[in-house]
Structures are given as C-alpha cells and as structure tokens.
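**Student:** Residue-level listing of the chains:
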Amino acid sequence: MRSALHRFGVLCALGSCLCGGAAVAQPEDGQAERATQILREVDDLWRGSSSHARVAMQVKTEHYTRNMKMEAWSKGKEETLVRIVAPLKEKGTATLKSGNNIFTYLPRTDRTIRLTSGMMLGSWMGSHFTNDDLVKESRREEDYDAYISFEGERDGRQLLEFTLLPKADAAVVWGKLTLTVLAGSYIPLEEIYYDEDMQVARTITFSDVKPLGGRERPAVLHVVPADKPDEYTELVYESLQLDIQLSDAMFSLSSLRRR
Amino acid sequence: MNLLSLALRNVMRNWHRTLVTTLAMAFAGIIMILFAALMEGLMQASERNAVAMNLGDIQIHAPGYRDDPDLYTRIEQPAALLESLRAAGFRASARLYGFGLAASGSTSAGVQLRGIDPRAEAGVTQVHRHLLQGRWLDSGDRDGVVVGRKLARTLGVVTGDEVVIVSQASDGSIADALFRVRGVLKSVGEGVDRAGFYLLDTAFRDLMVLPQGAHEIAVLRADRDTDLDAATAEVAALATGYETLDWRALQPVIARILELADAQLVFMLLVVYVAVGMVVLNAMLMSVFERIHEFGVMKAIGVTPWQITALVFMETLVQVSVACLLALGLGWWSARYFQLNGIDLSGIASAASIGGVALDPVWYARITPDALLLPVGFLLLIALLAVIYPAVKAAVIRPVAALHYR
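First to last, the sequence lines map onto chains A and B.
Taken in order, the first sequence gives residues 1 to 259; the numbers are from the numbering used here.
Taken in order, the second sequence gives residues 1001 to 1406; the numbers are from the numbering used here.
Calculated directly from the structure, the hints in this document are not laboratory data.
A few of these clues could be false.
[What the hints assert, rightly or not] Keeping only pairs whose Cα atoms sit at most 16 Å apart, straight-line, the calculated EDC-like set for lysine to aspartate or glutamate is:
| id | chain 1 | residue 1 | chain 2 | residue 2 |
| --- | --- | --- | --- | --- |
| 1 | A | K176 | A | E196 |
| 2 | A | K176 | A | E142 |
| 3 | A | K77 | A | D243 |
| 4 | A | K60 | B | D1171 |
| 5 | A | K89 | B | D1206 |
| 6 | A | K89 | B | D1171 |
| 7 | B | K1393 | B | E1259 |
| 8 | B | K1393 | B | E1290 |
| 9 | A | K69 | A | E238 |
[Said to hold, decoys possible] Just the calculated beta-carbon pair ranges, DEER-fashion:
| id | chain 1 | residue 1 | chain 2 | residue 2 | range |
| --- | --- | --- | --- | --- | --- |
| 10 | B | E1162 | A | E142 | 37 to 45 Å |
| 11 | A | A226 | B | A1230 | 45 to 53 Å |
| 12 | A | R257 | B | S1084 | 45 to 53 Å |
Built from N, CA and C at the ideal position, the CB exists for glycine as well.
The shape of chain A in the complex, shown without the other chains (with noise of 0.2 Å):
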C-alpha cells in the first residue's frame, strides 16, 4: 500500500504519514522513540521497493463528475509514472513524479510538459489533490515530526493516532495532520488535513479493507475537502502488486509517450 500511494502521490496521506514516521518526534516526549518506531514498522509494512496499481478515481466536484480509469507504477520513494486508461479523451496522458519534477505528457497534442512552481497547486487531473501533493508526499519525512497523540479505545475499537508537525523550516502548506491507524494491523482509518489556522482543510477516509497485493489494506481513499463538505474525490485500488521488477527506462520522459 504504501508504495502505491507513495505512486501516486496523490495518495499521500497514508504513505508520507508512514514515512513520516521515520522522522523524529518531539524529543521531550518520552513516547517519541515508541512513536517512530511504530511508525516506521507500519512504514516497512506498507512500503514496496517497487510497484504496479489499477485504481479508479471518482470526482465529483459542485459543476461536475467524473471517472477515470488509471494505471500507476512506482519504483523507491521518487519515481511514480501514472498513465491514465479511461475516459477515451484523457487515455493516454501520463504523469511522472521523478524526485521534485512532474512531466506531464499530453497524447492529443503530443507534447510533454514539466510543470513549474506556480502550477503546484493546481488540481490534478481535476481531483482534489494538487500536484504539490504529488511532489511532497514523499518529502514527509523531512518536513514533519511526528509523535503518537493517541493510543487506546474509541468507538469500540484499539486505535493509534499519530500527529505530525510541520518542521520550523519546511515549506509545507499544512499546519497540521493527524492519522489514526488500527492499533494491531497498523491498518489506517483517516487522515486529518489542517490548515495552517489549525482549520480542518482535508479528510481522508480509509474503507473498504480487502486482500490488496498479498495482504489486508484498505481498497478505498475517500478525500473530502473541509470547505466543500459535498464534493470528494475517491480512489478504488483494484489490484496491487508490490516488489515486482521495474526498470529505470520505465520512469524516464520517453516512457512518457508509450502507449
């Protein structure tokens, strides 16, 4: 799972938390070490040195809804190439992540573009993440401490909740984010998104837990933006595989154009 979020990008909540974990925690707390540990144990859980996904996005947003089919690859923590199967209209278009740079490659007008800054916090693909989501979710570890601000029972289940602080010097647009996992199978639940007021901006939901690339995860991401409580944005994984064999070429901008 975590390799396919990180994948994504997009799919950052879980997968930068998880690596967020690897991060040191507020060094008064005596939990801090506990908290990295757990964390980078979820973290090695999740997380695949390579891998390939089927997923599929619904949007629906106040002036539209829309579907798409994609297939995503991932290989370590900077590469992802994510290559859109349906509608008709977009098939083709592929995004790859490689370290800080987003090319996208556009089939209709045969081109490919490298993203700049001011386009970061553009929607992708019309969804509710931005590029920038794409871009930093696999810097978590760097721009965030993370320490665990729960443990225990509620709603009648164990739960872990982690807190992760943006560092004094990270350019991060968040304030804030929380992630609560189920506190056996480090199975995550949700994710809060504040702003940097500490407003809710984002939620993550976590549903749909199934076998997913050879063990229990959770199918589904449910991205609701705090201040348009009717619109989300929702990824169904409907396979997963992880460790599988990828080549570098795979990532590289003439891939890009490969059908």
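Assemble chain B onto chain A, guided by the hints.
**Tutor:** Relative to the frame of chain A, chain B by itself:
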C-alpha cells in the same frame, strides 16, 4: 487720450528692460507649454494604456468574479446583453478568462487565457494595433494566438512558433491544445505582458469545454465626451444582476494619478509664474518710479487716476501679449517637435509602469488646446496681478509732491 499708442511709446522708451521682461515671460510660457504638452502626453498614454488596451470605459462582471476569478462565475446570457448594449449606442465586447500552463519546448509558464471575439474587441480596445511583431487574431485562424511580450520571452517563442496550452476544462477533464503564435504584443501592462495569452473565443470554448457564458463584458462609450458616470448608470441599468464598474473604479490608482496630474500642472504653473510675476512686478515698479515726475505732470493736466492705472496696465498688456504670442509660437513649435519625436526613456527605465499599467518607453508630447491655453492664460493673469501694485502706486500720486520729486 490714445491709451495704446501712449503705452507703446512708453514701453519702447526703455526697450532693454522691455525686452528682458518680455523674454522672461515668453520663456516661462514656452517652458510651461512644453511641460503641459509632455504631461498631457504622459497622461494620455497612461489612460490609453489602461482604458484602450484592456479596460474599456466600463466593465460588467458576474457578482463575485472580480474577487475570485472562477471559471464558473459567468455572465450567463452575454449575447442578449451585448445586443442591448449595442442598441443603446455602446460598443461592447465579451471576454472569457481562464488560467492555464503554456509550454514551448522545455519551458513553460502560467498564463491567463483571454478568449475574445476580435471584431467586437477591436471596437472597444486598441490592443490589436499594439503589436511588437506578427499580426493580431483573425477569426479565420483558429489556432492563432497573440501573447504578451514578457511571456514570449519566457517561453522563448516568436511569431510562427507552436505553444501548447494545458488547463483544466470546466468539466474537470484535461484541456490541452496546440496553438501557433501569430503575434507578440508591445508592453501593455504588467499582467498582460507577463501572462497575456489572447485566443479566439471559439477556440477558448472548445479548449475549456465552455459552450456559453462570458466572464467579462468591456464597454466603450461611442462618444468619448459623454459623462462617464451617466454612461455607467445606463450600462448598470441594462446589466441588472451583474456588477458594473467604470474604469476609474477598476483602476483607482491610474484614475488618481490622472486626477493629480491636472493639479500638478496648476501647481507647476503657479511656482514658475510666481517667479515671472516678480520679474513683471519689479520691472513695472521700476518704470513707475522712474516716471513719478511724469505722472505728476499728467495728473496736473487732468488725467484721472483711473486713466493712469489703465495706462500702466496697458503697458504691461503690450509686453505680456508679445510674450504670449512668442510663447504660443515657440511653445507650439517645441511641443510639436516632441510630439513627433518622442523622448526615448528606454535607456533610463526599461519598463516603467504605474499601477500595473505599462508606460511606453518613448515619451511623446501631446498638444491639446488646454496645454496651449492654460500656460498662456495663467501668464496673462499673473502679469496683470503683478502690475496691480505699480499701477495703483502710479494712480495715487499726489501731483504737487510728484512735481517736486527728484
């Protein structure tokens, strides 16, 4: 008593002083005419760049669009509104705006897509005549676009090059299309220079999947001399439910500067002419003191104080009239020169702008009736004010004392 011939004779008696006084006044007049013409040129250029390049006199937006330029905040029935505006004697052009990424080769830049109808737009703005290179949009050339100057430089494109636009269409899908640069604009204003991307409204609708609506309607009065406020009220009455603002409200900075320019001219006139007034005062006072004996004789033979006052005024009037004619002639001539041959400021300031509205790097003077008559009128006024004291001084002379004055 022939006042004029008497005054002329008196003026010629000390022709050195007369020459210096007259030339001083004429020189000040010439300078002020030139200054006024240059200011007028600057202001007209600013107003032209603001109004004629982009704003129009009046603009109509859907409520809230100006605060949050959203693709979905639209004027729903622009065709009907345009129709009624044109029926009321206005020129009007509907515009579509959107944001996107323009890419050429390996460079890319954020752009403001500006979908326009070239024919309607030409009735409202002059931007189609403001090309650095290439040609303006043509409704027959669907892929042709015109870009701002700095944008062209950022993207490294010239006329004939291809540009890809990527954006998000109104249905959420990816909007991408290939365009060809038809023309590059001269400096119009910071926004247009840096991100202006003009394309046909039909091409915009296809690209952004936006079959109807418009984001802005720019309106121009057919007659520039009609009252802007009245015209704005008239447009607002036609565009009920929408926000109607004149360009002064849309560009308050420019409006303020233009207002201040008039005050600035008057202020400059006062400063320069107070000095000229001193010269006149001094010269006439001298000439009165020199002739105290003479004025005493005149009074003794029955010339009234009013007539003496009139004489001194006439002497001044003769000098200031010559000065005014000189100022008009030479001022017009020098202003005319700068009207035809602008002052090239590009070496000093490459791209000056006021409130986001670019100024041409070449500064042209502009001769208007005001620019000619205001300095001359003020010159006349100041000279006649300055001579009040000497004239009164001459008028109230007591004949007996004056006759013995040495």
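**Student:** Take the hints in turn and mark each one as holding or not.
**Tutor:** Hints, verified against the model:
no., hint, result
1, A/K176 <-> A/E196, "holds, 8 Å"
2, A/K176 <-> A/E142, "holds, 14 Å"
3, A/K77 <-> A/D243, "holds, 13 Å"
4, A/K60 <-> B/D1171, "holds, 10 Å"
5, A/K89 <-> B/D1206, "holds, 13 Å"
6, A/K89 <-> B/D1171, "holds, 12 Å"
7, B/K1393 <-> B/E1259, "violated, 41 Å"
8, B/K1393 <-> B/E1290, "holds, 12 Å"
9, A/K69 <-> A/E238, "holds, 10 Å"
10, B/E1162 <-> A/E142: 37 to 45 Å, "holds, 39 Å"
11, A/A226 <-> B/A1230: 45 to 53 Å, "holds, 47 Å"
12, A/R257 <-> B/S1084: 45 to 53 Å, "holds, 50 Å"
The structure does not agree with numbered hint 7 stated previously, though it agrees with all others.
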